[in-house]
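Q: Those protein sequence lines, which keep their order, are chains A and B. For the first sequence, my numbering assigns the number 1 to the initial residue and increments by one for each residue that follows. For the second sequence, my numbering assigns the number 1 to the initial residue and increments by one for each residue that follows.
Mixed in with the good hints, there may be bad ones.
Said to hold, decoys possible - Listed next, the in silico DMTMM-like pairs over lysine to aspartate or glutamate satisfying Cα-Cα at most 25 Å (straight line):
(1) B:K98 / A:D42
(2) A:K98 / A:E30
(3) B:K109 / A:E121
Read the hints as simulated data drawn from the structure, not as lab findings. Note that the structure is a prediction, hence the values are computed from the model and not measured.
In case you want the letters, here they are:
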Amino acid sequence: MLKILIIIPAYNEQDNIIRTIQDIEKNIPEANYIVINDCSKDSTRSVLCDYGANYLDLPVNLGIGGGVQTGYRYALEYGYDIAIQFDGDGQHDAAYIKELIKPLEMGQADVTIGSRFINNEGFQSSAMRRLGINFLSALIKLLCGIRVKDVTSGMRAVNRNMIAEFAENYAQDYPEPEAILAAGLLKARIMEVPVQMRERQGGTSSINALRSVYYMIKVSTALIINRMTLGKR
Amino acid sequence: MISFRLQIALLVALGIYFFLVFYLLKKKMLNLKYTLLWLAAGLVMLVLTICPQILATVSALVGVFDPTNALFAVIFFCVIIILMSLTAIVSRLNERLKRLIQSDALLEKRVRDLERDR
């Protein structure tokens, strides 16, 4: 029996976090989960505490990358075989987790990514966002030869080797595309699994319209620099 | 050739510079390893001020007409190098701090679990 950990990064998610946990407990009761409370300013922490949830409480805000990495370190420390990243904001549906980890259980992949753009079902994001995602996808293909359609998807699962790698090295600011490139350069087998996502139910996304141009420039630069400095190991 | 006046002014400035560096070192407000770069930069400036002939040769070599300008360029270059090293130091600190915060959170959870099971 494989030990499975679901890592749930949460920043100011007092309205969504318990629903997310219940969704997981209902759909995949054999797995453990850990919420990473990234020094939320609202009452996320007390909500988690009252519920008796399994959570880590970061004393200083680290951002999504540093938060998720804490989850990978936890997974490594407690010897988990599979770690799953799952957003705490209610966008992800735990019903797809079983499908997501199947290729890992069969040993067919090292990394799986829950992708909205395989069957093009569920919430598809705005046209502008999809344009940006397609651009980053093409850039990653160019840099490491691996084609991933939904590069910004925060729903992903990795096996033991990648847990150890991500516990050691993980991008800090906008880590989703960078983690794919890093895995690609390590020659990890990456597979996309079709999932549906919901539009977020409360709170605000970490990427608003004004920041998205800055986001694109920053991520593209970071990807190119990563390719130059990491190389293929 | 740089003027004698400028030479005197630079020597006074360098005197203050070295005094400050050593003062901060003595007060343990600077780590020695980070100070080495400051001392090296000061030494370069001192050598160039005392022996302006070097400066004249170098400026002729790289096509700077006035050795005074070459002197300023060298000083500016030293400042850039020091700034870059500062960014490197901050980045390293940032990485270490991140790991420390993560370890703190992992330990805090352990303590919480232990207290609950007691």
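Q: Does each hint hold? Answer for all of them.
A: Outcome of the hint check:
1. At roughly 22 Å between alpha-carbon atoms, K98 of chain B and D42 of chain A fall within 25 Å of each other, so this suggested pair holds.
2. Distance check on the hinted pair: K98 of chain A and E30 of chain A sit about 11 Å apart at the alpha-carbon level, within 25 Å; holds.
3. Among the hinted pairs, K109 of chain B with E121 of chain A is inconsistent with the structure: their alpha-carbon atoms are about 39 Å apart, more than 25 Å.
Of the numbered hints listed earlier, the single one contradicted by the structure is hint 3.
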